[in-house]
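Q: Residues per chain are reported as follows:
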Amino acid sequence: MSEKAFQRIYTKLTAITKATVTLEAQGVANDELALVAGRLAQVVKIKDKSVTLQVFGGTEDIPTNAEVTFFGEPPSLNVSDDLAGRFFNAYGEPIDGGPAVEGEKRQIGGPSVNPYKRRQPSQLIPTGIAGIDLNNTLVSGQKIPFFADPDQPYNQVMSMVALRADVDKIILGGMGLTNDDYLFFKNQFESAGALHKIISFVNTTDQPPVERLLIPDMALTAAEYFAVDKNEKVLVLLTDMTLYADALSIVSNRMDQIPSKDSMPGSLYSDLAKIYEKAVQLPDGGSITIIAVTTLNDGDITHAIPDNTGYITEGQLFLRADPDSGKVIVDPFRSLSRLKQLVQNKKTREDHSAVMNTSVRLYADAANAKTKLENGFDLSDYDLRCLDYAKEYATRLLAIDVNISIDEMLDTAWELFGKYFTKAETGLKEKLIEKYWKATEK
Amino acid sequence: MTTGKVTGIIANLVTVEVNGPVAQNEICYIDLAGVKLMAEVIKVNGNKASVQVFESTRGLQIGDTVEFQGYMLEVTLGPGLLSSNFDGLQNNLATMEGVFLKRGEYTKPLDENKLWDFTPIAKAGDQVIAADWLGEVKEGWLPHKIMVPFSFEGTYTVKKVAEAGQYKITDTIAVLTNADGEDVNVTMTQKWPVKVAVGGFVEKPRPFKVMETGVRCIDTLNPIAEGGTGFIPGPFGCGKTVLQHALAEQADADVIIMAACGERANEVVEIFTEFPELKDKHTGRSLMERTIIICNTSNMPVAAREASVYTAMTLGEYYRAMGMKVLLLADSTSRWAQALREMSNRLEELPGQDGFPVDLSAIISNFYARAGYVKLNNGQSGSITFIGTVSPAGGNLKEPVTESTKKAARCFYGLSQNRADKKRYPAVDPVDSYSKYLEYPEIIEYLDEKIEKGWVDKVIKTKYIIRKGKDAYEQINILGDDGVPMAYHEQYWKSELIDFVILQQDAFDDIDGCSPLERQKFMLDLMLEICDKSFKFNNFEECMTYFKNLINICRQMNYSEYKSEQFEKYFGQLKEELKHE
Ligand SMILES: Nc1ncnc2c1ncn2[C@@H]1O[C@H](COP(=O)(O)OP(=O)(O)O)[C@@H](O)[C@H]1O
Ligand SMILES: [Mg+2]
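These protein sequences, in sequence, are chains D and W.
Just so we're aligned, residue 1 is where the first sequence starts under my numbering, counting upward by one.
Just so we're aligned, residue 443 is where the second sequence starts under my numbering, counting upward by one.
Only chain D is shown next, with the shape it has when bound in the complex (with noise of 0.2 Å):
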């Protein structure tokens, strides 16, 4: 951050806590940067003439007399084309060696789009996985995570679809990635020869967890640069918002804010949607489409920070290992693409809602068989087809190595429809069955 001639310093703390100091100064703007013992700082309260700044990168070791430096502006990002291809930090600045970039200085977190210049997301954002494809159908512009214990695949995965995405950026927000993650995502990045659509703005696990604050803002900003100045369709990964919110909650206690429940400050709802709703289609072509990962405790959705996610984006992908089929899945019942009916049976074949809830009611009266089984009970002859069944869609279509056309789905679904059930048992439409039903032995 570059420092300027009319900056006012102060050199006495009233009081640190460990993310946030306060001292007296005059003439201070909220939501304004400093520098306090030349850690970047963020003005988060004023009362007369104290003024409470959240310091970034941690308080340890700062004494009362630190030097603050007040910047008289918000933290900014410069934006311009020359931000492709670039892997920066928290702050923004280059982590790569190159040059910083020249561009138009941006204040970050800026406004919301005004709701009725959006237009209503169409494009469908095909990925080979059929657990996405067929049955949680991602459209651009829309905001969905990745639900997943911390030991599933989430990163891999997101990597994969990506690059799969026919998308014009990629703008990858890393908070609390470990180094070994990081250099993951650089490798599939560069080994795809996609470097040059990719920006990267990351905060490793040996950073100050406070920095990781300043990710989503900075990659969104980013994003609403190739979005709205240049109709770009960009896609921003955000990994991992469960750190991302266990910062706002370290920031908050602080404050002394009464917590909300599991510790997290009452604000969390707000505080996320704010930035899932940067999610946009535009109408000169432009989009924003949020892919995130929210790693769960044992699979606890209740817990506020996924709980609160749920309600804020447009569906989540959950991700598990399925014992059965012995893969990682994406789960069938828990998983929910808000938006797929705006493109299911629009943008893919007429059959696709109906074969997607069909099979997915199938893969349900399997867990009741499952269930019966594990109670010590007898199998009806239905219940050993379901699970049977439930078998050969977890391997054949759930699982996360999937990879084909969504047209092949369909296919391989009314296959396994004609293998396991009768007609009647699957409930389809007639219409639909005198077309697509695939007879095969039983």
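It is worth saying that the hints were derived from the structure and are not from the lab.
Cβ atoms here follow ideal geometry from the backbone N, Cα and C, with glycine treated the same way.
Certain hints may be false.
[Claimed, not checked] A few chain W residues that face chain D, going by a derived Cβ cut-off under 8 Å, partial list only: (1) N533; (2) A536; (3) A707; (4) C737; (5) K865; (6) I993; (7) Q1015; (8) E1019; (9) K1021.
[Claimed, not checked] For lysine-lysine, the following BS3-like pairs were computed, each having C-alpha atoms within a straight-line distance of at most 25 Å: (10) W/K865 with D/K431; (11) W/K447 with D/K45; (12) W/K963 with D/K423; (13) D/K327 with W/K865; (14) D/K372 with W/K865; (15) W/K903 with W/K723; (16) W/K990 with W/K1011; (17) D/K419 with W/K865; (18) D/K49 with W/K485; (19) W/K848 with D/K261; (20) D/K117 with W/K556; (21) W/K910 with D/K372; (22) W/K865 with D/K347; (23) W/K990 with D/K419; (24) W/K865 with W/K849; (25) W/K490 with D/K47; (26) D/K429 with W/K633; (27) D/K49 with W/K490; (28) W/K1005 with W/K1021; (29) D/K429 with W/K864; (30) W/K963 with W/K723; (31) W/K990 with D/K370.
Got chain D; can you put chain W with the ligands on it based on the hints?
A: Frame of chain D, contents of chain W with the ligands only:
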């Protein structure tokens, strides 16, 4: 006019030192380098007023000046509200410049240049009071009444009403003389503070009619009364918004007001993109013509969320006073409660349960109480039916917003995660959900007339079958398929039949999505006829196969145009199946 200076800032809570009198809920504007930020007084202590700012406070400084306005947050009422897209403060979103919302940009809610075809109703010499009709203009196809402003107290004598002709909303269309002999001019527009309920009616009788929605699990099982209240609590993804959109599309109402309160912008886009293309099933007119959107999505200023539901209610009361049937939908009232919580925490008020303000319950019930069926001064009637969604944290209904709302609303449409997981949509839980209106003698009588004598008994019987089916299912799960008598299987499958054919309804299917009452009656009668039969199955698999087949045929019927050739074909198939029991 009172002015003040900023002395404290935490997020959108700003403390102002004032130099004169201020009122609770008074509106003020904070000057941020020339940009005026609107704010509302929410607490006063000595010469310090705490105000909640309806905009981002980035860049605000200690010492910035504040001007108090002497009025509360108010809305502008008049012709031209229908088909509009407003934000929570009633700014017209369509007339705003640029792609991004600009701080401090406030737009006029109504078009002041448009000419309206006015026809007088009152005539010189008439005695009138607030909310009496003076004339009307055609707003789309609806007769929009021009009324004596709600704020007028006492009786007035009409001195003059404008002749039929074209007028702008700001033109004087009547001159009234008050008790002191003073003349006052009346235009087609007036203002009203949103947090104050609009009066203008003589009584609020108990609701006695049912509002048809085309959604079977509501109309058949738990009908909502015209002028009634209901709420839809449910975990995310269980279908709150889809259900509300279905109501907005299909309900038999004159005016639909949708308050998108702290939820997704794309859901609002869906409405203003699709509604202009869709036809109102009752009038054949474009759906957008009867719809007003109040949009304060989750990324818009938090303080305006609270305002948005009150703005929506006030617009509803305005149309109700014209004798219209208004359906008000708010998605989600929990976001409004959360906005109250955020502010209460910043004010360092003593928190109630889960950090919500202690008076949450009172706030919610006051709001619901503004809905209702009313008799107007002129003997006509109007109504506001209100249905809000609730988004309980973690899907757990034991939380303050759900519990407070349960006390205030008369219909409970609880969405179940389990049903949603199984894609049994709408996921309204048939056992837990209820409509208190089914217990109203007025409503029972109304349904006797409207559908058939004894209808509510049939509904109760249907609910009984569903409950018995659930019990049977639990027994089967505990004891195993072979561990229970055949009758249990039959009971269970009869309830599955009702579930699949009556309860489940595909909101995205053109035909199944909307089911008129007549069709609902036909199908319910048919299902009850089947449930009345006793079958003799040799084993439970036979029972299952038989019922699955019936379900399949009935679903084909649901997907077919009512009484069409195709429908009759499946009906014939069903009758055939029912012969060999
Ligand atoms: N009646 C219905 N018919 C078919 N699908 C439905 C129905 N209700 C809900 N859904 C499915 O559930 C998803 C989530 O519904 P939504 O109303 O957005 O949930 P909520 O508002 O409770 O979070 C929808 O996108 C749709 O796929
Ligand atoms: Mg919703």
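Q: Now look at each hint and say whether the structure bears it out.
A: For each hint, the structure was consulted:
1. N533: Given a least distance of 10 Å, the restraint on W/N533 is violated.
2. A536: Holds. Min distance 5 Å.
3. A707: 4 Å, holds
4. C737: Holds, about 5 Å.
5. K865: Since chain D brings a Cβ to about 6 Å from W/K865, closer than 8 Å, the hint holds.
6. I993: 7 Å, holds
7. Q1015: 10 Å, violated
8. E1019: Violated: closest Cβ of chain D sits about 11 Å from W/E1019, beyond 8 Å.
9. K1021: 17 Å, violated
10. W/K865 with D/K431: 22 Å, holds
11. W/K447 with D/K45: 16 Å, holds
12. W/K963 with D/K423: 28 Å, violated
13. D/K327 with W/K865: Holds, because 24 Å separates the two Cα atoms, which is no more than 25 Å.
14. D/K372 with W/K865: 21 Å, holds
15. W/K903 with W/K723: 30 Å, violated
16. W/K990 with W/K1011: 18 Å, holds
17. D/K419 with W/K865: 23 Å, holds
18. D/K49 with W/K485: Holds. D/K49 to W/K485 sits at ~22 Å (cutoff 25 Å).
19. W/K848 with D/K261: Roughly 22 Å separates the two Cα atoms, so the pair holds.
20. D/K117 with W/K556: Since the Cα atoms of D/K117 and W/K556 sit roughly 23 Å apart, the hinted pair holds (cutoff 25 Å).
21. W/K910 with D/K372: Between W/K910 and D/K372 the Cα gap is close to 21 Å, so the pair holds against 25 Å.
22. W/K865 with D/K347: Roughly 22 Å separates the two Cα atoms, so the pair holds.
23. W/K990 with D/K419: 18 Å, holds
24. W/K865 with W/K849: 30 Å, violated
25. W/K490 with D/K47: 12 Å, holds
26. D/K429 with W/K633: 54 Å, violated
27. D/K49 with W/K490: Holds, at about 16 Å.
28. W/K1005 with W/K1021: 21 Å, holds
29. D/K429 with W/K864: 19 Å, holds
30. W/K963 with W/K723: Distance of about 19 Å is within 25 Å: holds.
31. W/K990 with D/K370: 20 Å, holds
Violated hints for the displayed structure, listed by number in ascending order: 1, 7, 8, 9, 12, 15, 24, 26.
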